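Undergrad: Sequence order for the protein chains is A and B.
Following this note's numbering, the numbering of the first sequence begins with 1 at its first residue and continues without gaps.
Following this note's numbering, the numbering of the second sequence begins with 1 at its first residue and continues without gaps.
Hints were generated in silico from the structure; no laboratory data involved.
Heads up, a few of these hints could be off.
Said to hold, decoys possible - In silico negatives: residues of chain A with every beta carbon more than 12 angstroms from chain B:
1. Ser92
2. Leu165
3. Pro218
4. Met232
Said to hold, decoys possible - Here are the computed lysine to aspartate or glutamate pairs in the EDC-like style, where the Cα-Cα straight-line distance is at most 16 angstroms:
5. Lys556(B) to Glu16(B)
6. Lys194(A) to Asp34(B)
7. Lys196(A) to Glu36(B)
8. Lys2(A) to Glu57(A)
9. Lys194(A) to Glu31(B)
10. Lys194(A) to Asp39(B)
11. Lys547(B) to Glu560(B)
12. Lys105(A) to Glu132(A)
13. Lys194(A) to Glu36(B)
14. Lys194(A) to Glu25(B)
Keep in mind the model is a prediction, meaning the values are calculated, not measured.
Beta carbons: idealized from backbone N, C-alpha and C, even for Gly.
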Amino acid sequence: MKILVCISKVPDTTAKISFTDNNTAFNTSGVQFIMNPYDEWYALVRAVELTEDGKGETTVINVGPAANDAIIRKGLAIGADKAVRVDAEPKSTHQVAEEIANYAKDKGFDLILTGKETIDYNGSELGAMVAEMLDQPYVSYATHMEVEGTTASIKRDIEGGVELLEVDLPAVVSAAKGMAEQRIPNMRGIMMAKRKPLETVPASAGAEHVAVKSYELPAAKGSVNLIDAENMDELVRLLHEEAKVI
Amino acid sequence: MHTYVSTDHLRFLIHEYLKAPAQIENYEKFEGYDAEAFDMSIDAAEQIGNQHLYPAYRIMDQEKATCENGVVWTHPLLAEGLKAMTEGGWLSSTAPAEMGGSQMPLVLHNTASLIFMGANANIAAYAFLTVGAANLILAYGSDELKALYLPEMYSGRFQGTMALTEPQAGSSLTDITASATPIGDGQYKITGQKIYISGGDHASVDNVVHLMLARVDGAPAGTKGISLFVVPKHRPKGKTASEGWEPNDVITAGIYGKMGQKGYVAAHLMYGENENTIGYLVGEEHRGLSYMFSMMNEARIGTGIMATGCASGAYYASLKYAFERPQGRHPSQKDPNQPQIPIVEHADVRRMLLLQKAVVEGSQALLLEASLWEDIALNDSSDAAKQSHLMLELLTPIIKTFPSEYGTMAVMNGMQVLGGAGYCNDFPLEQYYRDIRVNAIYEGTTGIHGMDLMGRKILMGKGDVLKALSARMQADIEACAKTFPDEANALGASAVALAKTTTKLMGILQKDGPEAYLADASLYLEYFGLVVISWHWLRMANVASEKLANGGKLSKKFYESNILTMQYFIEYELPKTRGLHARLNSDKRVTLDASPELLV
Ligand SMILES: Cc1cc2nc3c(=O)[nH]c(=O)nc-3n(C[C@H](O)[C@H](O)[C@H](O)COP(=O)(O)OP(=O)(O)OC[C@H]3O[C@@H](n4cnc5c(N)ncnc54)[C@H](O)[C@@H]3O)c2cc1C
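Same shape as in the complex, but just chain A (with noise of 0.2 angstroms):
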C-alpha cells in the first residue's frame, strides 16, 4: 500500500501572533514552528502503522521553502519512508491542494492522509479540495481507520454516537484524534531520517483565486475585577449596571 501523508508546518502553541505589512501578513520573527499536530500524530503515525515492516510505503509531502526541511526530516524521523517538497511559498489552501494534487495525480498512491485542520488557520479546506481535484472520495474527522484490501473501514465522531464508513482506495481522508497514538522519534530514527530520500519538486500550481487582505486580532479582553466577598451589593450592582448579565 502507498501512502501519501500532508504535512504542514504551523507556528508552537505558545507562539505570540501578531502581523506585518500593514496586517497582511503573519509576524514569524521569533516564532518556533512545528509540524500540525493533527497531521503528525494522527495522520501520519497511523500512516506509519499501516505500511511499516515492509507493509508498503509512506510519502510525506509538504509544500513550502527549504527552511520547512527540518519538520520534513521529523516526519521521516517518525517513520515515513521518503519526503517531497514543493518548493513554494504557500499563499493559499487551493495553492497548496493543487501542488499536491499535481504531484500525486500519476503516483498511485491507495491512501492521502491530512490532518483534519491546521491549528493556525483551521480552515479544513486542504483534503476535501485535493480529492476534489484527483476525483477521489473523501472522508472527513476521520477517528479510527482500518485498510483492507482496497476498502477503508473508518470511525468518526458525529453528534450523540460514531458513524461507520467504508470507502473504496484510492481516496483522501482527514485525520482527527483517536486516529492513532502520538510517536516520539527515537534516535533510531532520528539518525536514519537523515539516510531517507527528500526530494524537491518544483511549483507547478496555476493562478491564485484568493488573497489575504488583511488580519485582526480579537478584541483584548477586559481586566478581572475583583470584590470582595463581603460587598454583595457592589457586586450585584456591577453585575446590573456594568455588565448588564442581570
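Since chain A is already given, all that's left is putting chain B with the ligand on it; use the hints.
TA: Coordinates of chain B with the ligand only, in the frame set by chain A:
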C-alpha cells in the same frame, strides 16, 4: 515561560557557544550528528520530559518507594517513564552501533540528560545508573558478560547499579571488606554488605546488575587490592541468557528512608547470606578501582547534571510564582489603595531569581563543555585533544561540586521566592530543596572533591595543566575585555588572586605538609568554582553580545537576559572569592589546630 528547563539556553550552548556539531563533525564515530540531528534529538528528549517524566515528579515523591518483606515497590510511573526513555533509544544512545546503539556524542547525550534530570531525576537517575554500569561492562567486561548483560540493560529490562559503599567504607574505599573467593571460570563466591545502593532493587525491572567492588581472598590491603565484579540479583543458569535466570542470593535488607529523591531507591544489600552469591570478575583482579575511576569523569558530570536539573526545575517554578504573586508595593509607593505589585517587581526577589538562573545556566555551560571535551578526548589523538582531556580531569571536582553546592543554595533561594508557599507542599519547591541536597554527598562528598582538586588535580604534570587552564582563561578574558571591560577586569583580578593563593598553598605543602595544605580544600574548591563559572559567563555574554549585533538563532530578549545574568554573577557571586581569598591566605590555623575536645 519554560516549565523546568530552558531548551533555548541548551540550544544556545550547543550551537552558538560551543558550536558542538562543528567540533565533532570530523570524527567518524559521530557521522550524521549535524546541527539538525542535534536539534531533533533535543526536541525528542523534551517531548519525553514533558509527557513522561515531569508529570510524574510530584507524584513519585508523594507515593514514595517502599520495601515490604524484601520486595521493593516503586511507582508504576517509573516503569512508564523508563519505557519512554528506552523506546526513545536513550539508554543505548552512546553505545556502539554493533551493540544496537546510536554512537551519540556525549555532549548531546548530556544535553538530553539536562532535560530528563530537570523533568524528573527520580526516573532519569535510574537510566543514568544503568548506562554507567553498562559502560563499565562494555569497557572492561568479557565478551560473555557483554553478550549476557548489555542487550538486557540497553533495553531497560535490567537495572544497573554501582555498589561501592559499605558501612565502614564510604569516603574511604580503601577500607572495603566485601570478599570474593575464586571458584574457577572467572566466577567468585561473594560475601559482604553494601549500603545506600541507588537503584539497588526495584520491581520495575526483571533483574538488577550490581557492578560491585570486593576484595579477592589474599589481595593486598588498600585500594590496589580491590576488584570489580558483576553481581546480578538473578544469575544466568548457563552460559547464555536463553537458559534462563535463577536467584543469586542477593538480599535486600531494606531501603533507606530519605530526605528527598523518594522515588529513587537507595538499598541496603546483603550478599552471600546463604553462601550462594556468585560474582563474575570484570577485567583483571585487583584493578577494580582503577576501572571504576576511569568512568568517574562521566559519572561526576552525571551528578552535576542531576543537581543542575533539579535547580533548573526549581528556578522555573519560582520564576512563574514571582510573576503571579502580588505582594507589597514599591518602597516609594505609600498609598495603600494602590494595587499590590507582583513580587518580581522587588529588586530582592529579582536577585534571588538571577542567582538561580546564573547558577543553573553557568553549570549547564560547564557541564556541556566538559562533555564536549570528553568527546574530543575519546576520539582524537592530537595534542589539543590531550589537552582537553587533562582540562576535564582538572575540572572534574568542580563539575561535580559547583552544581551540587551552589545548586542547593539556588534552590534555597527559589524556596525563599515563594515565602511560606515555598515551605509548604502545594508547590514543588520544598521537594526540589529536599531532592537536590544529596548531590553534594554522593559520588564523593564535597570535602573529598576538594582534596582531589588540591591533592591530585592541580598538581598534575607538575602544575602544567593548571597553568594551561589559566592561560586559556587569560586569553578569553582579553578577548572579552573590549565588550565587557569592567567584568573582564574583575574576573582577571580574581584569576590572578586565585593563582597567588595556589602558590601560597603550595608553599604550605612544602613547609607544613599535607594536613595543613588540605585543611581548607573545600574552600579552595569553592573559590576555584566561582572563578571557573565566571569565566563561562563572560564567554557566554561575549557570544550573546556578538549575536545581538549580528543576529543569532534566538531572540533579542534571550541575549539581553544572558548578558544581564553574566553581570549578576560577576557583580554578586564572584566577589565572594574575596572572603575565601582572605581565609586561604591567612596564616591562622584555626580548624587545623582546633582540638576536637573543644567542640562541645
Ligand atoms: C541517597 C544515597 C545514595 C547513594 N548511592 C550510592 C550508590 O549507588 N553506590 C554507592 O556505592 N554508594 C552510594 N551512596 C553512598 C555515598 O557515596 C556515600 O554516602 C558518600 O561517599 C559518603 O560516605 P559516607 O556516607 O560513609 O560518609 P563519610 O565518609 O563518613 O563522610 C562523612 C563526612 O566526613 C568527611 N570526610 C570523610 N573522610 C574524610 C577525609 N579523609 N578528610 C576530610 N573529610 C572527610 C566527608 O566529607 C563528610 O563530610 C549513596 C548515598 C546516599 C545518601
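Undergrad: Which numbered hints does this structure break?
TA: none
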